[in-house]
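Line by line, the protein sequences give chains U and D.
Under our numbering, the first residue of the first sequence carries the number 294, and numbering increases by one thereafter.
Under our numbering, the first residue of the second sequence carries the number 3, and numbering increases by one thereafter.
By construction, these hints were calculated from the structure, which means they are not laboratory data.
Keep in mind that this is a model prediction, so the values were computed, not measured.
For every residue, glycine included, the Cβ atom is placed at its ideal position computed from N, Cα and C.
With a straight-line cut-off of 27 Å between C-alpha atoms, the simulated DSS-like cross-links for lysine-lysine are:
#	chain 1	residue 1	chain 2	residue 2
1	D	Lys148	U	Lys544
2	D	Lys122	U	Lys544
3	D	Lys314	D	Lys172
4	U	Lys354	D	Lys122
5	U	Lys354	U	Lys383
6	U	Lys544	D	Lys58
7	U	Lys385	U	Lys433
Computed far set for chain D versus chain U, every beta-carbon distance over 12 Å:
#	residue
8	Leu96
9	Phe145
10	Trp168
11	Ala198
12	Thr308
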Amino acid sequence: MKKLISMLVTAALAVTSVFALAGCNAAKESEGGSGASNFKVGAIYINSQNDTSGYTYAHHKGITKAMQSVGLDPSKDLYIVDNVPEDDEKVKQAVDQLAGNGCNIIFGISFGYINAFEEKAKEYPDIIFSHATGYLSNDKNFNNYFGRIYQARYLSGIAAGYKSLELGNNNIGYVSAWGTEYAETCSGINAFAMGCMSVNPDAKISVYEISTWGDQQLERQAAETLIDTYGCCVIAQHCDSSQPQIVANEKGVFGCGYNSDMTAEAPNAHLTAPIWNWDAYYATAMKAAMTNPATFMTEVGNYYEGLNAGLVDISPISSNCTPETKEAIEIAKDLMKKGEWDVFSGVKLSFSGSAGSVTVEKNNAALVTNDGSEIVAAGGPSVDDGVIQGSMNYYVEGVTQVN
Amino acid sequence: MFEVFTLFLFNIIVYNIPLLYGTTGEIMIEKSGSLNLGVEGTMAIGAVAGYLAGAKTDSLLVACLVSFIASGLVGLLFSFLTVTLQANQNVTGLTITTFGVAFYYFIGNALSNSSAGWPKLSGTRLDAHSQAIHIPVLSDIPFIGKAVFSHGILVYLGVLIAILMWLYFKKTVPGLKLRAIGENPAAADSLGVNVALYKYTHIIIGSGIMGLGGLYMGLNMGGTFEGSNCWINGYGWISIALVIFANWSPAKALLGTLIFGFFNTLRVQNAALAYTFPDTMGWLTNIPSHFFSALPFIITLIVLITTSMSSKNKSGEPQAIGRNYYREDR
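One chain only, chain D, in its complex shape (with noise of 0.2 Å):
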């Protein structure tokens, strides 16, 4: 009877995990000045080429390195077009997100009108691999071990990323300097850092950990290419949403995460939720489903209205946030 609530956990965390990495990615990124819209298309592209890379090697090794490597090229030419040729950061950004989704839509196309069709992972080793995996002793813990414990790989490389990042940015000197060019390029240039160096690096490193989000989706929730809608399916808008939510701190991106994961995992389960405890939760069957399925994005709202309203909500809000640094300007 209680395994309804560890199924709701489980899911929590199972359908949510990619959006942390949107996150951290997009964190990441924004710590240093700079706003990429480009996040679905970023993780698009990192979901296919890693799909692609993985299904023709069966590595998920490969289509982790694939996938963090062909994103962080996309990371590249956004870092080339709005650092070096200090074009708006708005509009390259929308420009990644179409141009990544049509990537992916143009791939898929073409592969799948091919005679082989689109690669399929059933009984490989590579799915064997993206699966959860048994830790013993947690994993068995009731309730616990099946909800937080058994999970795929990518899944603890995601929470782990989101606490180094953290780490980064509150213990290191990299970090330091890092948040010092997104609060005043100019300032952290007068005291020697490398502002092009810093942007470049940090915009490819968070794009390559979106990359690896979109390639959880491609390995645990999508995989088959099927015509009317993206693996991505608009997780990357919602992360740039999470990033405000999460005040620029990766820590709370976790937590951000898994309340939006909570609310989304509810309009699916919440009819498994009054099944099960029909004296107690079969309430939640006389509200419309519909209304479920407006919630997450609901909550969106209301979380990025009340965020705004105190200032004190956006203190980790980098100051030089979306505007480019230019060094004669100064």
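Isolated chain U (complex conformation) (with noise of 0.2 Å):
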């Protein structure tokens, strides 16, 4: 009897997954039917693709929002590897993986992943391989890609600067992941305190380093230390967690978020936010792969681009900022986009006057550090953007880091 049972169910099992591997190949046919483009996107990230804030998800959201624009489907043409850490052989399992899955361009978008990609794409000469925020390339078929995200930071320090002087109080605090250690954070610093001391040339700009990218209630004591203890009232951020901007509103003070518009969070308190909007880049870079991979890299090349492109911007400007706030802001905007004038430079800007008739004043003056050492002479050029992107490690004049 236990034979005749186990060979029946033996049997029924043999037929089901018969059945099951027609109805897969069926599946599989009409798929490839309807598949109008043959084209197809690898992405490598650092956390999950289904993260809802923070790094992974801007870049995401860039990608998927670029495929649409660019006539391909994110469900069918986008192929991820996700939570894969900084380590070359983890990164490399990931090239082989989207490379077997036939696709045409990869990007991998933390820094670790350089190493690995610039050895991949020797390997797979008819890939395109793209990396975010790194600094190797060649001359076929490997670019670099990052952001002036500096100058929205520089941006929204106009938008604190103007709330200090409303407030007389010269104290801003910065909440950072990093101080000096990466370029990166060490730009957006200085980018905002330059900021802010073009409306307000007194502005002191505390930094409280929090060594980690995200961690909430470290967050949320340095913003609550920031106010209590050294008296700032606008907090600027560089972190994952809005919970800065939330302990502003908290405490009636003010802030400038970062990667999204925070203003439903902290709804008394929030400025403007200097935002990514990643998908300028993928959307140029799909379309020139596209069109010809053979020409990627004297089409797109090395890409580094900020306002100009679409790439960074700031948020909508909150009603809790001043009224001179969006004039001063438009003006710089629009000088940097016409590339007549940058952050890093021996010429700095300075606003005056009221709503309706804000002027801007260009002043030769030299880009000193805040130990006294000069880096560009008076009325001198921008710094490379070598600097920006990779060797910058001090803090202008104005600011302190106070951990």
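Both chains are given apart, each in its own frame, so use the hints to dock them into the complex.
This is the structure we're talking about:
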């Protein structure tokens, strides 16, 4: 009896599995039939593709939005390997997997993917490798891309500067994941400080470094310390969560968020936040790669754009800002968009006048670090992009790290 | 100038009270002879459930009740698996941690991706109720008033629970029976104590208390769902270590929380102290900030080593901890 039952079960299983396989094949065929394009995009993420905020989220949103704008379907043509740590072997495996999926272009969003990407670009000459925040490239199929987020930070600094003038308090706080260790955080702090000082020359920027990209409790306590001990009236931030803005809201001071418009979290505090629109780059890169992969490096090359390309911007200026803010920000944005002026140069902007008649003055003034050494002489040109992207490791005058 | 000390003391309490909830909850469970490593997950579930119920009804009472019940259900699951089905306690606890944290992300991701987004409390009645309450006279005492008597209601509830639990263990008959079960369930059973009932009840209540700690973290320390880290952020694990530090006494748990809290706060406030008193405490800035970040965990390690060296320090440890009691084995 037992034998009979087990035979029946085996038979039943065998039959259903055949049907299941058949179903599979049928589905595959219909998919292949309706797929209009054969261009496939690969992406390697440091965190989960299901994140709802933060770095990976911003890139994932940018990639899917760009795909839609160039006529690709993210549900079919996008292959993702996520939660890939900055470990050469793991990154190489991810690249192999995406190459096996037939991807034509592979984006890697984290700095530490750099060596694996360089190596794999040689192994797969027909695939385009595009790496964010790095500095390596080749002349055929491997580029790097990043954005001038410091320009947006400068603009948010203007909003903070006006607020501090209005409140008569020169102390401005900045909760930062890292300090001078990374050029990304360091240039952001400096640009923000220079934005503040273009409006309020006496502004003092106190930086609290939390030594991690995200920890809600630390971000919260850092903001509290800046407000309670250092008397800061505006809190800017370069970290994952909106805790610094929530604290500013609770304590009745003001703040500039990062990455997204944080006005919903801090309705009475938030001024404006520097934000990324990664789809601007991704659309450019996909278009170029779809048209002719061979000319990708001459068409796109190493990509480092800012306000002009719409890659960075600021969130809508909230009603907490002073009336002059919008005008001054428009003026500065315009100058940077046209390429007439940039943040880290020997020329400083100085805003004056009341709402409706805000004027800007360009003054020749040296770019000096907070320990007094001169980086750019008065009237000199902007520092190299390489400095902003990689080697900046000093604070400008007016900035102090408190911890 | 001395506000910096007030603030220091204030922060010790405000940012570390969840440890007290976690520790007292775990003590109650361990006193019944069960080792529950699921504190982190239990707190996460209590946090999410309580926060969402509170946001929906705009009531702190409902938030607390739902948080307690949700975590209590996790405790029920733990009891069913370990007491009735005799599953391994360590593995079950770890499973609950994994499950609870994943539950937090599951709900969080779904809500954040929805059109309305994660519910925000700013400006609601619940937010106002969870903030500091003003106690007449006491809150107005200089220095101490701000540091000790200007907290949210959940802070006082946590201290009250610790005191009541201490009394319960020391002064009541059910407390005595519970301790007997933790020491030797067979002996307690032979005296007519219903071992399974006691285990179930106390595991559920202990888990519920942990859940309140999680809710506190959601209301006062977190409150936004942002991808990279869970609200509980390791507090559950530290609580388990604090149980040993406290020698299984709820009163000492209060002390342990404050000591751990001191080092936890020092890592954030060292700069503020140095800034306010450059002459006497300026040297603090010469120590790398990474050392301060590691300090709370170094202290935990030292405490665990020193308490393990002498059996006197573990006198409160229930003898039957971690072992399931099976009646027919007697």
